[in-house]
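Please build the complete structure, drawing on both the sequences and the hints.
Protein chains in written order, with numbering that gives the first Met the number 0: chain A, 0 to 255; chain B, 0 to 423.
Don't take every hint at face value.
Computed, partial: chain A to chain B, Cβ under 7 Å [unchecked claim]:
#, residue
1, W79
2, Q138
3, V139
4, C140
5, I161
Here are the simulated lysine to any residue pairs, SDA-like style, with alpha carbons at most 20 Å apart [claimed, not checked]:
#, chain 1, residue 1, chain 2, residue 2
6, A, K149, B, T109
7, B, K23, A, N111
8, A, K87, A, K107
Hints are computed from structural coordinates only; laboratory data are not their basis. Glycine included, each C-beta is placed from N, C-alpha and C at the ideal position.
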Amino acid sequence: MSCSRRDLLKNTFKATLASALPLSAFKMLSPAQVKASVGDSNVRWVFLVNTKKCVGCGLCVKACKLENEVPYDPPITRTWVERYVVMKNGQTHIDSPMGGRDGFTDSKIRENEIPADEIAKGFFVPKLCNQCEKPACVQVCPVGATYQTKDGVVLVDRTWCIGCGYCIMACPYGVRFFHPVYKVAEKCTFCYHRITKGMAPACVQACPFGARQIGNLKDPNDPVAQIILNQRVGILKDEYGTKPQAYYIGLDNNVR
Amino acid sequence: MAVEHIVAQGAEHLFVHGLDWTTKELFTYPNEFIYWSIQIVMYPYMTGLVAGAFVLSSLYHVFGQQDLKTIARFSLVFSLALLPVAMMPLQFHLQQPFRGANVMFTPHFTSAIAAFGIVFSTYAVIVLSEIWFVYRQFFVDQVNVLKGKKETKDRFMYYLYIVLTLGAFDTSDGAIAKDKKAVKILAGIGIPVACFLHGYAGFIFGSVKANALWMSPLMPVIFIMSAIVSGIALCMLTYIIIMEWHKWSAIIAKGKGDEKVHMIAGAELDVITKTSRYLLGFLIAAITLELLDLIFRGYTAMKSWDILRSVMYGKDFINIFLLQYTLGNLVPFILLLIPGLTIRRVFFALIFVLFGVFMMRWNVVIGGQAFSLSFAGYMHYHMPIIPTNLETYKEGLFGALTVAATPFILFWLINKVTPSLEFK
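Next up, the structure:
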């Protein structure tokens with residue numbers, strides 16, 4: 000059988016096409032995408048912090064560290080509480096010793112005595128991952144090890160993270176750090192392992208004053224969703240365009 | 000309960016990344032540390048040297064700048080020696096170094112770092128093939144010279160050169176002309192790729208919107224310009240050192256009565272003078288852009304300017320204005336412009352230039368982490384000098400020195416196969 004150049008080209012083209020078609024039926028998915036596609040799209044987890052209720056006891060930080068196996072004494076934490084003391088002259092003192100884990104029992108801030116009669120106002124602000132709608136950390140991960148689930152929570156794949164630290168740099172809120180044991184990026188997950196089983200996050204459960212709440216923004220009957228939709232709430236650092244999903248009641252303009 | 004928790008996790012061995020070399024002042028978020036330390040300073044510095052060395056060699060190959068002929072071949076081979084070193088700092092820095100290849104397996108293309116593998120490999124292919132075309136005739140000549148020699152070393156080199164020719168033994172005029180054409184094309188493609196390789200290193204920083212100092216669209220361009228400056232400077236410096244070394248070793252050999260030695264002229268002032276003109280041009284471009292960035296930030300005075308100003312004009316004043324701008328830019332600028340240039344004066348100017356570009360990288364990478372994301376506090380970096388564990392070696396002085404020394408060792412090795420200095 001002879002094969003002309005035309006035949007050869009024809010057949011090569013046909014064979015390429017024939018093999019390409021079945022291959023195109025498959026879509027290459029990263030492990031992160033597979034995991035993310037499993038989530039429930041009727042849920043959008045959001046967090047609500049009522050700063051007026053927070054007394055800075057630090058039980059949320061303790062609970063979080065124990066629940067999520069974040070080493071207890073190293074100064075890294077998934078959630079923390081900040082203390083703001085605004086003076087009558089406009090000066091602001093902020094601190095968060097050990098992330099506020101042991102409460103704020105000392106009236107001094109960084110060894111400095113704060114004269115009580117000069118204080119205009121003082122309050123506590125709990126912080127945690129904002130589970131942004133447009134997370135900068137997910138955008139910059141070079142290997143796709145950090146990803147957003149369908150229900151809006153940003154997670155880290157500990158088996159795939161290379162530990163470059165780009166996500167830590169990209170987060171405007173400073174919520175990420177390297178886990179000292181696993182040596183990968185670590186962050187607050189709203190206790191994803193709990194909320195997906197109908198339980199409250201450890202910090203929410205531990206808070207004796209109800210300053211922390213979690214809810215589903217897509218459920219109109221959800222009490223948290225109703226507060227966010229019907230009342231005046233604030234978010235942190237909206238200028239970065241990440242669309243943070245932790246809402247705050249009683250947010251002050253001094254809060255960083 | 001707390002105590003059990005610590006013991007369960009072996010707290011005594013816990014190493015919090017960044018804790019060893021960061022001190023904090025006023026209010027910073029609990030998780031903030033200097034996460035990107037000396038190796039991330041080395042990374043753009045080394046990639047910059049690679050890109051700069053290649054651009055210098057291309058000025059001759061593409062634009063036919065005859066005055067650069069001598070240094071072009073040398074800088075091409077030197078850029079190959081620098082190439083693997085551009086990856087080293089990243090490897091040293093990764094918390095999971097064995098997963099570094101994941102960037103190739105599952106590149107996540109919204110990330111600036113994900114393109115690294117692709118850009119870097121493209122660039123490596125261009126450099127390698129250009130060197131092959133430049134040296135093909137030399138490889139064939141070597142095969143002919145070494146044919147039939149019996150010594151083990153000669154046999155080894157004979158087979159090595161056979162492999163390096165890749166079976167292309169044709170050295171007719173037509174074939175050589177084709178080689179030259181290929182070199183020209185590759186060098187032409189190489190310039191934008193080299194600029195891209197480094198410009199995108201600038202993009203890695205410039206696109207971090209959370210960092211007030213880094214975020215600037217000028218960052219990639221600033222990085223390219225200073226990269227070319229540092230690359231040219233390092234090539235010139237190494238060229239001077241090697242040529243002077245050859246000259247002096249010849250003089251010493253002659254002094255010892257070895258009459259067979261030919262006198263070597265040493266570094267040619269002519270070559271150096273002309274190359275330094277290109278250096279000055281790129282230096283002016285780099286400084287102009289950096290100053291534009293600085294003035295623009297001051298004039299627009301966005302929210303972050305208060306803390307940026309206190310870092311630039313206060314805490315980092317010596318690093319930025321004395322070490323980088325004065326010692327690293329102004330002093331070499333004057334040294335190179337004063338008439339009656341001498342090799343010695345160029346030598347010192349080049350050291351200042353290289354130091355200046357290093358300080359620029361330092362001030363960007365470390366300076367960008369010198370203030371808290373809360374804009375209410377500061378962080379200070381204390382580079383680990385004496386390593387106490389693997390981490391403080393990798394992210395300390397000795398890790399940086401390892402990275403800095405490797406290109407010279409590689410150059411020494413590569414130069415044994417493709418001599419870039421004797422061969423004219």
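Outcome of the hint check:
1. W79: holds, 5 Å
2. Q138: holds, 5 Å
3. V139: holds, 5 Å
4. C140: holds, 6 Å
5. I161: Holds - the Cβ of I161/A comes within 7 Å of chain B, reaching about 4 Å at its closest.
6. K149/A <-> T109/B: holds, 19 Å
7. K23/B <-> N111/A: holds, 16 Å
8. K87/A <-> K107/A: holds, 17 Å
Consistency note: the structure conflicts with none of the earlier hints.
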